[in-house]
Each structure stands twice: as C-alpha cells, then as structure tokens.
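Asker: Single-letter residue listing:
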Amino acid sequence: MEVDELAQFHATFFEESREHVRTLEERLLELEARPGDLELLNALFRAAHSIKGSSGVLGFKAISHLTHAMENVLDDLRESRLAASPGLTNVLLQASDLLGACITSASSKQRDPDITEVVAALDAAHRGEGHVAAAVAKPAEPVGPGTLDGPRVWTIVFRPKPGVFALGLNPALVLRDLAALGTLRTELLVDRLSTFDTLDPEQCQLGWRLELETDVGEAAVRDCFMFVEDVCELTLTASEPAFALFTPLPSAEDHVLAPPTAAEQAAAAKAPTAETSTLRVATDKVDRLVNLVGELVISQAMIMRSLQDVAPSELPRLREAVADMERHTRDLQDRVLNIRMVPIGSIFGRFRRLVRDLSASLGKDLHLATVGEEVELDKSMVEHLADPLTHLVRNASDHGLETPEERVAAGKPAAGTITLSARHQGGNVIVDIADDGRGLNTRKILARAIERGLVLEGQPLSDEQIHELIFAPGFSTAEVVTDLSGRGVGMDVVKRSIQGMNGSVALTSTPGQGSRVRLTLPLTLAILDGMATRVGESTFVLPLNQVIETLSLTRSSPIQQLLGNGEIMTVRGETLPLLRLARLLNVVDDGANNARPLAVVLEAGELRFALVIDELLGKSQYVIKSLEPNFARVEGLLGATILGDGTVSFILDVQALARMGNLRAESTERVVEPSASPEVTV
Amino acid sequence: MARAALVVDDSTTMQEMVSFTLTKAGFAVTRASNGQEALTSANAGKFDLVITDLNMPVMDGITFIKNLRTLAPFKFTPVLMLTTEGGDDRKQQGRAAGATGWLTKPFDPDKLLTIVKKVVP
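In order, the protein sequences belong to chains A and W.
For what it's worth, our numbering labels the leading residue of the first sequence as 1, then goes sequentially.
For what it's worth, our numbering labels the leading residue of the second sequence as 683, then goes sequentially.
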C-alpha cells in the first residue's frame, strides 16, 4: 500500500493519540497520589503502548521513539523494577507534553521537536535500577546454502504435530506457499495414519515428503513454515538439481484432511456487536443527522397544520397517526441530540494539570476539586468552555488564592482549593468555578476602574456593581502582570464567549472567604425554547429563557418619553427602558391599528428592558438554523427557524437588541460614563 | 462469498488500518476494541479470520484467544495475534492459548496481507 493510503488514518491517529496523551497526563497526576497503583500503571502503559504501535505503523518516528522510551519506564514501574518518585513523574509528564507537541507538529506536517533530551532522561531512569536496556537484537539471518544463487532442490520432510488444526493451522497452505516458490513435488506420508475406526479427524496424522526446485534462499523456504515450525517435525536438505524422484501429484491439497473449519459455512454477515461502548463518528455526520431531525419536526408540524383541511370523517384516524408520529419524532430528536452530549468531566480533567503547574510556578499550595463530571453538555459547548474555564481557573489561582503563609495567618488551611462543579438546573447546566481565597478586593477594583475611566470618582456603587466592573474590557487588577495573567484575555472575553453560547456569567464574592463565578449554559445550541411573536406581518422568535413577562401596554403605566429618542416605562416600581422591535429591525408594525399592543420584558445579562410587539403567538421548541453560511450577518438576529406552517422566522438575539437600542446596564439609574468602549453593556 | 474477519484492537488507528487493508482484500470486517467485545461478536457471528492485539483493557488478547478456542465454531479458525518486537514469551503464551500465528508491529499493509495469506485459504 502506498504512503498516501496510510495518510487517511492520520486523522484518527492524531485524535486518538491526543486522547491518550490526556490520559497519560491525568493518570500521571493521579499516580502522584497513589504511587504503585497497578490499575493506573496499566492504563498508563497501555496509552503509551498504543501510540507506539500506531505511530510505528504510520511512520512517525519521533513519536514512536518517545513512546517506546516512556513505555520502558512505565513497564519498569509496573513490574516494580522502578519506584515512583516526583522526579520520575516530572520526567514522564515532560515526556507526555513533548509527545503532545510531537503529535501537533506531525499533524501540521512540521518538523519534530527535539526529543533527545527527554528520551535520554527516560532511558537513564530505565537503566537506573541496573536494569539493562532491552536491546532488541535481531537474530542473525540464517546463512544457508540458499543464499547462493542458482536453482537448488530442497528435500523437505514435513510432519505437522497432531494438534495443529486446533491452532487454526492448515498444512495445505504451507504446501501452497511452497509451490509458489518453484516446482514442488509432493509425496504423502501416511505411515502414522490410524485405522479408520480410531481415526480422529480433528488430529493431523499426515506428513509430507517434498521436493522443491527453486532459486530462492533458505530463509524464503523456511518462511513458508513460519507458523508451523514449532509444531512440526521439519528437515530441510539442499542439493543440486537432480532427477525427479517423485512424479508430481495433481494437487497437494487433495491429500490433505482439510480441517473441519466452521469458516466453510461462515456467512459474510457482519456480526453486530451487542456491547460496543463507544462509537467514533465524525461530527459533521451527527450534525447532518441533527439537521435532518429538525426537518422532520418541521414537516410533522406542517402535516399537523394541513390536517385542518382534511375531510372530517378521515380526521380522527389521521390525527391519531400524526400524534403517534409526533411522539416518535420528539423521541428521535431527543436521542439524536443526545449523541452530541458529552460529559463535562472531559474538560475538568485537564485543569488538574493546570492547577498543579500553577501551584509550582506561583509558590502556592493549590488543589482542584471537581464535582458533577458526569453532567452532559453538547460537545461543541464543552469545547468552547475550555478557554473561558482555563482563564477562570488561572484567575482564581493567580488573584483569588493566597500564599500558604497568608492563608495560615488568616486562620485558613495552608492549601487553597479551587472547585469546579457542574449540575443541572431546569433546562440549563450550571458550572461554578469557586475558590476559598481572599475574595474580590472592592477597593482595588474601584480604584482601577476610576483610573481606567470606567466609572466616575465619588459615584455611589454597591459591591455587586463593583464586582461587575471586572467584566469591563481591558480591566485587570493584577498589580504586576505575572506570566499567568495579562495574556490579553480578560474577564470581558470570558463573558462574551459565554454569552455567545446563549449563556450568562454571574459573580459572587465574600471578603476573606472566596469568590465564585457561575456560568449558566443551555444544554445544546441546536434547539431553542422560544416564544413566537408577531410584528406587522413578520414573525420573530424570542429565546424563552430571556423572557421574563409580558405586559399589555393598554393596561400598564403610560410610556414616558425621555429627552432624545429614549422611552421608558415603569413596571411595579422598576423603571425599564423601552425598545420597539419594529424600529430596531426596520419593519412595519400595526401601529395605531393595534388595539392591544404588548411589551415583553426581556433580560440580557444583568440588563432588563421592555420590547414592544404586536401579538404573542405562543411557545414552542425551535430548531436553530444558522444564517451565516448563506447570508451576511444581520445585527439582532441569532438565526432562523422554520415554523409549523413552513414559513421562515428569525430568532432574535436579545443581547444584540439591547446593544442596538444603546442600552447600558441600569442606564436609567446609574450613569456609567461612556468610556472608550460602549461594550461595557452586559 | 465474502470472507469475514474479526479485528480486535483497543487502538482505533490500528483497527481502522487493519480493517481497511482486509476490506480491500475482500473481507467483511467486524471490529472490537477488547477481548470481551470480541467474544460477544464471536458469539453472534462466524468468522474466517480473527486478528487480535494482545495488550488490551477489559480482556487481554491471550485470555480472549483461550476463550475463543472453547467456542465450537472457532475451534479451528485462524487467529493472528499482533505482537511487538522481542515479545517472544508473549508469542509462546499466545501459542499455548491457541493462536495460529503472529504479526510483529510495526507492519505495513502488504506484510499484513502476506501473513493473512499464510493462514487463510
């Protein structure tokens, strides 16, 4: 097979190897806590071994070299020839980092990183206990007469042992292979054949005397006996071409008792595996499936609608059938969406390493606790969570948690704990990143915010409002930019990326006791619980989790005009900015023709506002269709969906609407002076 | 009639590579990622060839081969084990368990087919 053909396995190999590297890293960290745990060591060995095997086949030399060295050391640990020590774990961790780098460079077709140093360290450890490196000396090629050129005649006596059939061996295949090397003459030896009444057909009682005329060497001849050599009597003698001692027999195989293989009747039918634990499927395949199920939901809704026009006598039966279909469709939808769900623990695990490294570099004693690893989230969301979580964990380690001395002085245990937890709440998943550190320093934050021009001096702000300031772009309280923070990512980016997933971020902090950042996330990005609304002739869908209530404008308090273009209304004593959807999106609404206009109170992060619409059409689940591939991005729209009657409707992006209406958090009460960036809006 | 092969390896890369090669050679391939899964497949179907890795989680290759040989339909089926260089004692253990032959990693697809031809008619 050509090199090109092997290339198709690269993607699988890289993906799989990255998983193994993660396993290596996580297990190595666990090994520190439980040195000598055989289970762990076996898992580690297997991970290294597996990469080694595949990389060898695919020709990734650096990777296979490195994993070979790792495997040696892990095997030593497993067999207790070496004892686990922090130093050794460090070398192995280094090796697994380097392995990750090698995989990355191989996947991007770059030059391999230098592995000599780490391999040398591993080899030194491997030899450390006086254990001699397993120099795999290949046995020397047998030098026989066969290495000489020219045709020779081999006389071979071949007597397989009776038990060869039970090893799945078929002596006839050996004869076939020999025949392919030249001219083969065979004589069947039946001297050991028992009489018919005592014949055991499962035992091989035949032998052969063979004459092979060939120009290939002894090695090639012996190669035909590769798997039977140790279970047969075999003599090979070479001579110059001589007379034919035996007349060729028509077919050697005719004389062989073919082993009674079940394979003869074997159906080609593939046996389904009953207990397959996981199945690797390309993400786009699943996406197509999700899309298709979405279409199914839509066509089902269309049928439901057109039922209204069917002859009354047909109706009950049809309605029943459609109701059944609806049930099955929803079931199918649930299950298909479920395929994309992965446990959040898959990213929690990565932070163990991060926290360990941070401990060392910050001179702090940090521990990571994880809760709710089994909580499942859409795969793409889990991936998108990695960066914000990394930042939050870094922040907690760098700013939140104190040095051991400070902690002891404050009467706390010297070791600081960062807790990552996940749980379900309603249709959402709540992810908390909590630390038991010093809490946010409101004084410092305020000072920095004033310095940055984010707030005015002397402006009265509650603690919560001050905490919110750290989400403002470009905000950083670190007095010295350490190598951990100050990497150009701020809390504002965290907030934006979480909001990009239709999620929200909230922060609570208690001085001296610690801080907690709470991420509230939807389960999936593909389906939205929404409320359909009408404005003029258009239908728009609002994300239900951001809808707080609906008010009739005729019965509520009057709308007040502010100077400029602003409008506000008061709802139970709370003043809310009022936006008109028709105006924001430039569509025509009913205007004065509508006797009962409505306002929907919406929540975008910490901000609430009322949105004027013409009519509410009802709640439903909507399959989100992305507009991006086909249309230019339109501000205010999250995507599109297809309604039951087959018409297309837009899903509104509440955050973007607030932005378009120039709203700012609590803008009616607090003047947050417009700084360089109007995106302080949350 | 297409011949059927069962490929057992905990590495998906190896699984895919072996499967691809065998499929090109006309086998219908069923895959399993450990001995336990492979036994389930073996119980549910018939195979003309079994190729198994030795070092696997849940159930290793040697135990798998031993168990496989106790199933009547697999008494005489060719079973190849995937070994690493220098694994002579593993080869012997495999032989004792009932393995037909072995294939030393790393190998290329041509080598795989050469070896397969040695044990499958």
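Any given hint could turn out to be false.
[Unchecked claim] Using 25 angstroms as the maximum straight-line C-alpha spacing, the simulated DSS-like pairs for lysine-lysine come out as follows:
| no. | chain 1 | residue 1 | chain 2 | residue 2 |
| --- | --- | --- | --- | --- |
| 1 | W | 773 | W | 757 |
| 2 | A | 109 | W | 748 |
| 3 | A | 161 | W | 757 |
| 4 | W | 787 | A | 161 |
| 5 | A | 161 | W | 773 |
| 6 | A | 161 | W | 799 |
[Said to hold, decoys possible] One-sided and incomplete, this derived list gives chain W residues near chain A with beta-carbon spacing under 10 angstroms:
| no. | residue |
| --- | --- |
| 7 | 693 |
| 8 | 696 |
| 9 | 745 |
| 10 | 756 |
| 11 | 758 |
| 12 | 759 |
| 13 | 771 |
| 14 | 772 |
| 15 | 774 |
| 16 | 775 |
| 17 | 782 |
| 18 | 784 |
| 19 | 800 |
[As the list claims (entries may be wrong)] The calculated label-pair distances, taken between Cβ atoms and stated as ranges, are:
| no. | chain 1 | residue 1 | chain 2 | residue 2 | range |
| --- | --- | --- | --- | --- | --- |
| 20 | W | 705 | A | 362 | 36 to 44 angstroms |
| 21 | A | 635 | W | 705 | 47 to 55 angstroms |
| 22 | A | 334 | W | 793 | 27 to 35 angstroms |
| 23 | A | 108 | W | 793 | 23 to 31 angstroms |
| 24 | W | 705 | A | 617 | 46 to 54 angstroms |
| 25 | W | 778 | A | 220 | 23 to 31 angstroms |
| 26 | A | 157 | W | 793 | 37 to 45 angstroms |
| 27 | A | 334 | W | 725 | 25 to 33 angstroms |
| 28 | W | 705 | A | 222 | 27 to 35 angstroms |
| 29 | W | 778 | A | 157 | 23 to 31 angstroms |
These are computed hints drawn from the structure, not numbers from a lab.
Even for Gly, the Cβ is constructed at its ideal location relative to N, Cα and C.
Asker: Next step is simple, just say for each hint if it's right about the structure.
Answerer: A quick look at each hint next to the structure:
1. The suggested pairing of residue 773 (chain W) with residue 757 (chain W) holds, with an alpha-carbon distance near 19 angstroms, which does not exceed 25 angstroms.
2. Distance hint between residue 109 (chain A) and residue 748 (chain W) is unfulfilled; the C-alpha atoms sit about 42 angstroms from each other, more than 25 angstroms.
3. With a C-alpha separation of about 16 angstroms, the suggested pair residue 161 (chain A) and residue 757 (chain W) falls inside the 25 angstroms cut-off, and the hint holds.
4. For the proposed pair residue 787 (chain W) and residue 161 (chain A), the alpha carbon gap of about 28 angstroms is over 25 angstroms, so the pair is violated.
5. With a CA separation close to 18 angstroms, the supplied pair residue 161 (chain A) and residue 773 (chain W) stays within the 25 angstroms bound.
6. With a CA separation close to 21 angstroms, the supplied pair residue 161 (chain A) and residue 799 (chain W) stays within the 25 angstroms bound.
7. Interface hint status for residue 693 (chain W): upheld, as the beta-carbon distance to the closest one in chain A is roughly 4 angstroms, under 10 angstroms.
8. A distance limit of 10 angstroms between C-beta atoms decides the matter here; for residue 696 (chain W) the minimum to chain A is near 6 angstroms, and the interface restraint holds.
9. Because the beta carbon of residue 745 (chain W) sits about 14 angstroms from the nearest beta carbon in chain A, more than 10 angstroms, this interface hint is broken.
10. Given hint, residue 756 (chain W) at the interface with chain A, holds; its Cβ is 7 angstroms from that chain's nearest Cβ, closer than 10 angstroms.
11. Hint on residue 758 (chain W) holds. Least Cβ distance to chain A is approximately 4 angstroms, under the 10 angstroms limit.
12. For the restraint placing residue 759 (chain W) at the interface with chain A, the shortest Cβ-Cβ distance is roughly 5 angstroms, inside the 10 angstroms limit, so the hint holds.
13. Hint status for residue 771 (chain W): violated, given a least beta-carbon distance of 12 angstroms to chain A, over 10 angstroms.
14. The restraint placing residue 772 (chain W) at the interface with chain A is violated, with a minimum CB-CB distance near 12 angstroms, outside the 10 angstroms limit.
15. Taking 10 angstroms as the C-beta contact cut-off toward chain A, the hint placing residue 774 (chain W) at the interface holds, the least distance being around 9 angstroms.
16. Hint on residue 775 (chain W) is violated. Least Cβ distance to chain A is approximately 13 angstroms, over the 10 angstroms limit.
17. A cut of 10 angstroms between beta carbons decides the hint on residue 782 (chain W): the least distance to chain A is about 4 angstroms, and the hint holds.
18. Because the beta carbon of residue 784 (chain W) sits about 8 angstroms from the nearest beta carbon in chain A, less than 10 angstroms, this interface hint is met.
19. Taking 10 angstroms as the C-beta contact cut-off toward chain A, the hint placing residue 800 (chain W) at the interface holds, the least distance being around 6 angstroms.
20. A beta carbon spacing of about 53 angstroms between residue 705 (chain W) and residue 362 (chain A) contradicts the range 36 to 44 angstroms that was offered as a hint.
21. Take residue 635 (chain A) and residue 705 (chain W): their Cβ atoms lie about 51 angstroms apart, and the range 47 to 55 angstroms holds.
22. Range check, residue 334 (chain A) to residue 793 (chain W): about 47 angstroms between beta-carbon atoms, so the 27 to 35 angstroms window is missed.
23. For the hinted restraint 23 to 31 angstroms between residue 108 (chain A) and residue 793 (chain W), the CB-CB distance of approximately 29 angstroms keeps it satisfied.
24. For the pair residue 705 (chain W) and residue 617 (chain A), the beta carbons lie near 53 angstroms from each other, so the given range of 46 to 54 angstroms is met.
25. At about 28 angstroms, the beta-carbon gap between residue 778 (chain W) and residue 220 (chain A) stays in the expected band of 23 to 31 angstroms.
26. Range check, residue 157 (chain A) to residue 793 (chain W): about 29 angstroms between beta-carbon atoms, so the 37 to 45 angstroms window is missed.
27. Separation of residue 334 (chain A) from residue 725 (chain W) is about 32 angstroms and conforms to the stated range, judged on CB atoms against 25 to 33 angstroms.
28. Between residue 705 (chain W) and residue 222 (chain A) the beta carbon distance is about 31 angstroms. The supplied range of 27 to 35 angstroms therefore holds.
29. Distance hint check for residue 778 (chain W) and residue 157 (chain A): the Cβ-Cβ separation is about 26 angstroms, which falls inside the suggested range of 23 to 31 angstroms.
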